[in-house]
Every structure is written in structure tokens, then in C-alpha cells.
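Residue numbers (our numbering), protein chains in the order written: chain F, 1 to 251; chain E, 1001 to 1399.
Hints listed in this document are in silico derivations from the structure and should not be mistaken for laboratory results.
Check before you lean on any hint, since a few could be wrong.
What the hints assert, rightly or not - Below, computed lysine-lysine pairings styled on BS3-like, alpha-carbon distance capped at 25 Å:
1. F:K52 - E:K1230
2. F:K7 - F:K241
3. F:K197 - F:K168
4. F:K7 - F:K168
5. F:K112 - E:K1230
6. F:K195 - F:K168
7. E:K1230 - E:K1244
8. E:K1230 - F:K141
9. F:K195 - F:K154
10. F:K112 - E:K1244
11. F:K141 - E:K1007
12. F:K154 - F:K141
13. F:K168 - F:K112
14. F:K52 - E:K1244
15. F:K128 - F:K195
16. F:K237 - F:K192
17. F:K52 - F:K112
18. E:K1230 - F:K154
19. F:K141 - F:K128
20. F:K141 - F:K192
21. F:K52 - F:K7
22. F:K154 - F:K197
23. E:K1377 - F:K141
24. E:K1244 - E:K1007
As the list claims (entries may be wrong) - Which residues of chain E face chain F? A partial, calculated answer using Cβ under 8 Å:
25. S1005
26. Y1142
27. S1220
28. R1227
29. A1228
30. T1239
Unchecked claim - Derived, one-sided and incomplete: chain E residues facing chain F with beta-carbon distance under 10 Å:
31. L1004
32. D1009
33. I1213
34. T1234
35. T1237
36. Y1238
37. N1242
38. K1244
39. P1245
40. I1253
By construction, the Cβ of each residue, glycine as well, lies at the ideal position given by its N, Cα and C atoms.
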Amino acid sequence: MGILEVKGVNKRFGGLQALGDVNLSVQENTVHAIIGPNGAGKSTLLNCLVGKLIPDSGSVSFDGQSVLGRSPFAINQMGISRVFQTPEIFSDLTVLENVMIPCFARRDGTFKLNGIRSVMSQNDMRAKAMAMLEDVNMADKATMHAAAMSRGDKRRLEMAMCLVQDPKMLLLDEPTAGMARADTNNTIDLLKEIKEKRNITIAIIEHDMHVVFSLAERITVLAQGTPLVEDTPENIKGHPKVQEAYLGGNH
Amino acid sequence: MFGLSSKHDRTILIVATLFMLLAPVIFNLFPENSALAFFNGGYPDLMQRFAIFAILATGFNILFGLTGYLSFGHAAFLGVGSYSAVWMFKLLGYNVLPAILLSIVVAGLFSVVIGYISLRRSGIYFSILTLAFAEMSYRLAYSVLTPLTNGETGLQVYNSDPQVLAGANSPTSPHLFGIEMSSAFDINLGPWQFTFPVGYYLCAILMLISFYIAIRIFRSPFGLMLRAIKSNQTRMTYTGLNPKPYTLAAFVISGMYAGLAGGLLASMDPLTGAERMQWTASGEVVIMTVLGGAGTLLGPILGAGVIKYLENVFSKMNETLLETWFAFLPDSLQHAVVWVLSKFTGEGWHLTLGLIFMVVIIFLPGGLVEGGQRIGKRFSRRKSSGNDDDNAAASEPAE
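Could you put the whole structure together from the sequences, leaning on the hints where they help?
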């Protein structure tokens, strides 16, 4: 039994079968990559996992509990944190405030009318956020406005915001899309570091084969809404079906 | 002190307190019989309105300034607060305490209903929904709800009303345990005359309490979540936070502020009409907040003060007054100048307000507070560059 179990998931958009009978099992404490050509249904699958979309049929369970019908914030509280393709951060707030918000979310739950003690006088929360920022080498930028940062820093900040919640699983949606090679390598190093330091499951949707083969322990190849194969990176590399899907045998 | 951790917050609270307590003096800078006495604003009616609208704008800022949800229906809560207060005067008697409490509670309940429905949408659709609710309340107050609102006549207290708590010797105007709102102490200092009205001080104290609560909300985790809503709701949702109850809480709190303001308006003058709920009244709060600086602590208060003061000064000006001012010009020129200026004064003062608003929005998008900050920065830069010169001069001989 994996930490994340997807069974027989279907999703249609009008006449388009975006996902057809997807089965997927992500084992605890592994890096699992989901790859596939454009339009293979990678993002649709991800959106079904985090509660943005509800599958037409099938089941998705995380840590033994069904996630279907729960809102994204409830699913996050179960222990899934999501990193977006373009970093989603609180641009109007300072870097420290950005990291403190997930700390409060972990402590207080989805809603709490917490209007008495000031944010900055809560030293435990502040220390937790600062420690996280030090972990990603951003402590010197704590008072900066998040909007003023470079794209690479925004990515690191978003990662820090997810990690400070101590999630059981991190979902990454093309974390290196549109990045220069140097930035891509930095992101790979950051993810490797995270993997070494923490007990965490990482599911990653990626286009860039370089990223996938440097990180993943298991790979699922998706094509036209159905998984073609699931195997170790070594076996995927030479797999005829995969090459067919990528080189356009079916198209 | 007061549980405020930052020195900056303590300073603005102290400055606001001193300003509010000394307002009767600050607004009456000019001696009673001098030519400039025209610009004085230190009479009870104006100062009360200033404090009351500062409460309204502070509350509005908790919603709009922090979450970015622009409500165009806040006058509805103001009106509901006023009606509740007058009903308390009619049923219980002229003591303002139950009136103010009920106006806060009723406006709070009313805003739960309106907020719950309006907050299903965001952006412009939210604004239009709140506007629609406020207009509905306004129309209903004139028609179907006449038994509650007394329609076009306006709700007021009659001799035949029960006033069950009123004793034989109770005052016949709003009072707080016997101290009448309309009473005042006069102090004459040479040519100056200062009036310290009781009603104003009640408003000022409640305004300071509301302001203090607003500071606490701004600095709290709750306030941080409200700013997160404005910044990025997607990230907020995927961080395990539900934005809906946060926005609703902000909406209700700001509705209760508006209710308090409405209750105070009625306590200063115990009658109310539906026009208090008209959309122009809602627009006025928006203008006050934006003019002062939305999302800042002092902005809405500044905005309320500036608009209420200018409204008073400009609407008092009339053609006769302008003619005496420009009597030094040749006749034909004097008529021309007076003709132009008269369009901007008296009834036409909204034209001036519009111009001021445009200038502020174009040149100071952050409102008057941004203007203040820019001036402050310029001064501190000059000061620090001066210090640099000193240091350079001091270090040179050592080399």
C-alpha cells in the first residue's frame, strides 16, 4: 500500500477523455515522477489529487483516507503541500510573513479568529519560520518584500512555505519550467537536499528529462490520459513504448 | 504598553489620543471675531461627525484595506445602526448606552446575512452585490418597512412613545446616565472661545477604542490572514487556510463598526431617515478611505477628517462671501472670479471634492498617508546626508 493510492480515476472535459482509468501508487519516502508528452493529462491528474478537480469516477486516497470531495485547504491539512509551476507566494507581504502564514495554518487549522496577540510577539512561530528560512539560505532576506525577489528566490520561498508545514508529501508541478539550466540545477540540488534531510514523499510532474532522471526513484509515464508504464528510471530510459509516446508513434 | 509590541503603533495611538482630546482647541486656532474664524471647525456638530465617520472609515478599512474586498453597501449598516438606536430611544428612553449596544448587535447580524451571500463572489461582483443590498435596504425603508422606519418622515421620538426606562426627571434628549449629549463647557481665553461638548467626547472615546481594536487586528495573525487574502487566495487555499470565514469575519467586524457609527449619529441627533443608507453615503466612505490611504492605520481617519472639514468650509462659502473676499479686484474681473468659484463652493462643493480626489489618486495613489511618508522621507534623507557630510569631515583629518 502506498501513501497515495489512485484507483480507476476517470475525468472527461466535454468530449475529451483527459484521464482514462488511471491507477497509481506512490510509495512512502520515495521520489515519484509522472512524465508524459503535452496533453497527456499530467496536470489534470495533479488537480484531482489536490482537490481542485473532482474525478468522474474512481478513488484517490492519501494516508489511508479518501481525499475525494475535500477542498484544497482540507487536503493540505491532511499533509499534502503543493508547489506551483509559477511560484504562488504572497507578493505583498514580507518573506518572513510568507513563511509564518503556513506556520499559523499548521497550528490553528483552516480558520481561527486569532485577533489578540500580535504576529511578531509570538516568538515560537517566528523562530520556526526563521529556522526554515535559514535552511534555504534566505534568512538575510526575511524583511524583504516577496515581490521584489528573483524568480529563483520565489521558487525557494514557495518551497520553504511548503516545507515549514512538515508535509507528508510534496507535490511539484513542473518546478523547473521556463528556468535556465543553472537555476534548474539549483532546484535539483535543493530537492535532493530536502530528500536527504527529511522523511518526505515527493511526487513530481516534469517535462525536463534531466530533472526526472536526476531525482526520481520511480517513474510513471502517462500518455493520452492513461499510464503506459511504471518502472525504475533505468528501465524507463530504454522502454520502447515510452520512446514511441515521446517520438510521436501514436500521433 | 496596551499590548502593542511596536513602538510605532504606540506612537500613533498616543498621537491620535492627544489629537482627539484636544480637537476642540486644535480646530479653533483662530480667535472668535477674526476674519479667519471662518476656517475654524471646532464646533460640536462638525467634530462629532468627524469622530463618527472616522469610526466608519476605520471599520471599512478592516474589510477593504486588508482583504481588498470593496463593499459599496456600508451605508446600509450605518442606517440599520441608526434605526436601532432610535428604536431604543422610543422604547426604553434616551440613555445612549442600550441604543449604541443594540445598533452594534443589529448591524452585526445584518452584515452576517449580507456578507454570507455577497462573499460568494469576489471583485466587482462582490461590490455590485453589496451595492444591490444597500439599495434594496434603502428602497425598503421607504416603502414596505414604513412601520419600522416611518418612511419619508424619518424615525423620531414622540411624546406618546413608551420609554419604559425613562424616569420622571430624565433628560428629554440623548444622555449617558443623566449627562446630556448636547451639553458643553465653554472656556474663554482672551479672543479665543473653546467649546468642549459632551457628545463629541463620547464619540471621541469610542473612536479611540475602535482605533485601538483596529491596531490589534492589523497586527494579529487574523489581520495577517486578511492581508494574505488580498495578496494571493490560491496560495492561501493550498496552505490549508479557508479564506471564506476569514473574509466573512472581516465583513461582520466592519459592519459592526458601521453600526456603532450609525448608533452614534442617532445619539447625537435622535432622528434618522432612509437617505442615510443611500449609495452616495456608501461611496463617501470609500472616498474617505482611499483619499486617506487604504490599508494604512491612520489613512481612513485622516480621510474622514479632511473630507468632513473641507465639506464644512466649502459648503459654507456663498456668493456674498466670495464677493467680499474679491472686492479688491476690478468689478468685471470680480464677477468673473466669483462666478467661477461659486460653482465649486456651496452646493457645488462636490466638484471640489472630485478635483481633490483626482489629484490625490493620480499623484499619491497611496493616499494622504503616502504624501506624509514622502515628506518624512525627504526630511530624513536630508538629515542623514547631512550626517554623512559631518562624518566625512570628521574622518578626513584622521587619515
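Against the structure, the hints come out as follows:
1. F:K52 - E:K1230: 20 Å, holds
2. F:K7 - F:K241: Holds, at roughly 22 Å.
3. F:K197 - F:K168: OK: K197 (chain F) and K168 (chain F) at ~13 Å, within 25 Å.
4. F:K7 - F:K168: Answer holds: K7 (chain F) to K168 (chain F) is near 20 Å, not above 25 Å.
5. F:K112 - E:K1230: 18 Å, holds
6. F:K195 - F:K168: 12 Å, holds
7. E:K1230 - E:K1244: 12 Å, holds
8. E:K1230 - F:K141: It holds: about 22 Å lies between the C-alpha atoms, which stays within 25 Å.
9. F:K195 - F:K154: 20 Å, holds
10. F:K112 - E:K1244: 12 Å, holds
11. F:K141 - E:K1007: This hinted pair holds, its Cα atoms lying about 23 Å apart.
12. F:K154 - F:K141: Measuring from Cα to Cα gives roughly 11 Å; hence the hint holds.
13. F:K168 - F:K112: 23 Å, holds
14. F:K52 - E:K1244: 16 Å, holds
15. F:K128 - F:K195: 20 Å, holds
16. F:K237 - F:K192: 21 Å, holds
17. F:K52 - F:K112: The given pair, whose Cα atoms are some 23 Å apart, holds under the 25 Å limit.
18. E:K1230 - F:K154: Holds, at roughly 18 Å.
19. F:K141 - F:K128: Between K141 (chain F) and K128 (chain F) the Cα gap is close to 16 Å, so the pair holds against 25 Å.
20. F:K141 - F:K192: 23 Å, holds
21. F:K52 - F:K7: 18 Å, holds
22. F:K154 - F:K197: Since the Cα atoms of K154 (chain F) and K197 (chain F) sit roughly 21 Å apart, the hinted pair holds (cutoff 25 Å).
23. E:K1377 - F:K141: Between K1377 (chain E) and K141 (chain F) the Cα gap is close to 23 Å, so the pair holds against 25 Å.
24. E:K1244 - E:K1007: Judged against 25 Å, a Cα distance of about 33 Å means the pair is violated.
25. S1005: 5 Å, holds
26. Y1142: Hint violated; Y1142 (chain E) Cβ to chain F Cβ min 37 Å, cut 8 Å.
27. S1220: Check passed: Cβ of S1220 (chain E) comes within 5 Å of chain F, closer than 8 Å.
28. R1227: At about 6 Å, which falls below the 8 Å cut-off, the nearest Cβ of chain F leaves the hint on R1227 (chain E) intact, so it holds.
29. A1228: 5 Å, holds
30. T1239: OK, holds: T1239 (chain E) within 8 Å of chain F, min 5 Å.
31. L1004: 7 Å, holds
32. D1009: Interface hint status for D1009 (chain E): holds (9 Å vs cutoff 10 Å).
33. I1213: Cβ of I1213 (chain E) sits 8 Å from chain F, so the hint holds.
34. T1234: 5 Å, holds
35. T1237: 5 Å, holds
36. Y1238: Y1238 (chain E) check passes; min Cβ-Cβ to chain F is 5 Å, inside 10 Å.
37. N1242: At 4 Å from the nearest chain F Cβ, N1242 (chain E) passes the 10 Å test, so the hint holds.
38. K1244: 8 Å, holds
39. P1245: At about 4 Å, which falls below the 10 Å cut-off, the nearest Cβ of chain F leaves the hint on P1245 (chain E) intact, so it holds.
40. I1253: 9 Å, holds
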